[in-house]
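Protein chains: 2
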Amino acid sequence: MRYLFVARYIIKFGGTSVGNIDRIQHAAGIVAELTNSGHEIAVVVSAMAGMTNQLVAYANALSTEYTPEHDVVTTSGEQITAGLMALALQKRGLSAQSFLAWQIAIETDANHGNAKIINIPSEQLETCFSRGIIPVVAGFQGLNQNNRITTLGRGGSDTTAVALASAVNADSCYIYTDVEGVYTADPRIVPNAQKIDVISYPEMLALAMHGAKVLHARCVELGMLRKVDLHVLSSFVLATGTHISTTESTGGINGIVHSLNEVHICLTGTADQLQHVQNTLNSANIFIDMATQRAPETLHFTINKADIEHAKSIFAELKSTLSFDILAIDPNIVKISIVGAGINHDLTIEALVHKVLAAQQINVHLASRSDIKLSLVIAHDQMTKAMGILHDALITNDQNQPLNREN
Amino acid sequence: MRYLFVARYIIKFGGTSVGNIDRIQHAAGIVAELTNSGHEIAVVVSAMAGMTNQLVAYANALSTEYTPEHDVVTTSGEQITAGLMALALQKRGLSAQSFLAWQIAIETDANHGNAKIINIPSEQLETCFSRGIIPVVAGFQGLNQNNRITTLGRGGSDTTAVALASAVNADSCYIYTDVEGVYTADPRIVPNAQKIDVISYPEMLALAMHGAKVLHARCVELGMLRKVDLHVLSSFVLATGTHISTTESTGGINGIVHSLNEVHICLTGTADQLQHVQNTLNSANIFIDMATQRAPETLHFTINKADIEHAKSIFAELKSTLSFDILAIDPNIVKISIVGAGINHDLTIEALVHKVLAAQQINVHLASRSDIKLSLVIAHDQMTKAMGILHDALITNDQNQPLNREN
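Here the protein sequences line up with chains A and B, keeping their order.
Counting from 1, position 366 in the first sequence corresponds to residue 363 in the numbering used here; the numbering is continuous, with no gaps.
Counting from 1, position 42 in the second sequence corresponds to residue 39 in the numbering used here; the numbering is continuous, with no gaps.
Wrong hints could be hidden among the right ones.
Put simply, identical chains are the same to the list, so a pair is met inside one copy or across any two.
What the hints assert, rightly or not - DSS-like cross-link-like pairs, simulated, lysine-lysine; straight-line CA separation at most 30 Å: (1) 88 / 113; (2) 113 / 224; (3) 210 / 302; (4) 224 / 192.
Keep in mind the hints are simulated off the structure, nothing from the lab.
Since the structure is predicted, the reported quantities are computational estimates derived from the model, not experimental observations.
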């Protein structure tokens, strides 16, 4: 903060938070309240809910292969909301001006559909702040060095917000969405999941990478790198949301996430041959996760479901020269990841996990550990039961876990 | 033409011609055929039919007063179509690239919602032509000197096309729409109206200014000024359309148009007082048309329906100091305009008009004449009858009128 009680905030609204004219006016009300309290605000907007899907459907009807012109089509959605949000703020008597990526200019690489932000010049935004104008920035879009429109990929508007927060040295970045924050588990699967009040960046990144849907991993990664004070909260209810803090972890277990994107593969053969298969998959950009040599000549691992056909064709090719066998290709699995600094600090957690699962006859196919994450592969049809048991054992019943302890 | 059979064309598609993915693909087929014949083509696109109305409705829900942010919202429509058209052309194996106004850049004045094009740099388009790339330009939009998006007003994409044709010295500009061309009258009112094959610019301008809906007056005006060889035709049927020629008039009567936008006003008072009323309306930017002093102390004229409440308040104010009376404010009228160089060349036409109307007891409230136009005000409920009679007398039955004579 530069003066007492006067801060600079980036306020980002997701698709449902600007899903129709009423929601846009409601969101403008949130901005107006902060502005009228004397704060400097820049707004970032997503496309109205459903609009991007419609635009993607139009473009895909003409070309399923992603091209630079897809970006021209899809960025229209955020342009519309940027103009409408500026109008909604003006209607409240505030001074506001929309900015598209090329007007700022938000420079990205040329990786259309999944571009990375290289630089955001802050001059025009600073001019707005100094003149009392609220800049309303279209999220998701960028500009490459050839003056062509790019997009930042899924969750791209969150990334725009965090990048802007860093560019203008904002005190905080608020991501308004349709849920109240990040939860200890998906509430549709674990009904007694709780909102996380505060979480560190490394733990939030692990949640985002392994199944939490609220924030995309790239946005969290950027926020961590640039040390952006980040909040995720609902534009539908008045509540504080989840604070992703740049300070250290609160310890314990933060959350349990699940992912249905993996396939479990089990191969058998000599160690040399299995190593060769692994290397070939890696060279084909197929990401191998949770690799485990359980018996000396048996290799277990997971790959992304999207890569399965590609992997099968590689296996077929390799089998003409190597003598390995495919014991299983099992898509009916779920990867459950338990996230928290406690994984590393508290050695009883891993034992507790295996104990409570075994007590319910839930078989762990694969397990892997990092500093702050323990991932397990189990059968898909045991997912709800396993998530509930683990959540009860590690979060609900653990009075020492870090929930609701802002420090 | 620069080489035999190789020409440069601007091809513009209106909203219904790009109204859905199928229509866009069909339009791309028209472009592909011309490109594959060796011609250099640049495409201009409108928003998909209905899209602009939806976007205007969104913006108006937040601000009925027109602001620069309205332009940000509405230009998204053409951006979407530009990207989709480029994709549709690529799908046909052609090289194509979309251009938004800021990418070219199409410079306009700062009159948001009704901006005028100041300059179109041709370098990037020339580069496309020389590399065999089809530029697909979003119509309707421009960029003012402050880097803000502007729009060109109703029919703006036609204006973009004609301005581009001039900027790159195109051999012709083709406006593809959902009708087969310009008609001798509105076929919904005069069923035996015929498509005009060729018409001069001054006559087309008179038709556009006084009721023809196919082309907007500003586009025609610009085409006349810049000597653009212009064609209006249908993307739905294979036919030659209407050629707006930069050469001289073909004589005779070209068409009969009607307008329901006027109100007939009749005032009585001394000549001085009536002159003062007229001057006051003029100063208030209320356009007075067809002013006629029929009796010495009676003034008839028409104004635009949109100005009627404004005019009434001016009358009320003036009556506190001047002693004039309002004999009539009649909105139930139609202005019928007969257009053609024959008005000036053939003195029997005006007499024939009054004769055939009088024979059917159709009372002419007001009449005014210019070189190529004769306008009449009659009761609205006599419109269809009058249009039919006049069309029969001046066009259908006149073997000397210029229809179907391309020269």
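Results of checking the hints against the structure:
1. 88 / 113: between (34 Å within a copy, 27 Å between copies)
2. 113 / 224: within (18 Å within a copy, 47 Å between copies)
3. 210 / 302: Within one copy only: 18 Å inside, 55 Å across.
4. 224 / 192: For residue 224 and residue 192, the Cα distance is within 30 Å only inside one copy (23 Å; across copies 68 Å).
The structure shown violates none of the earlier numbered hints.
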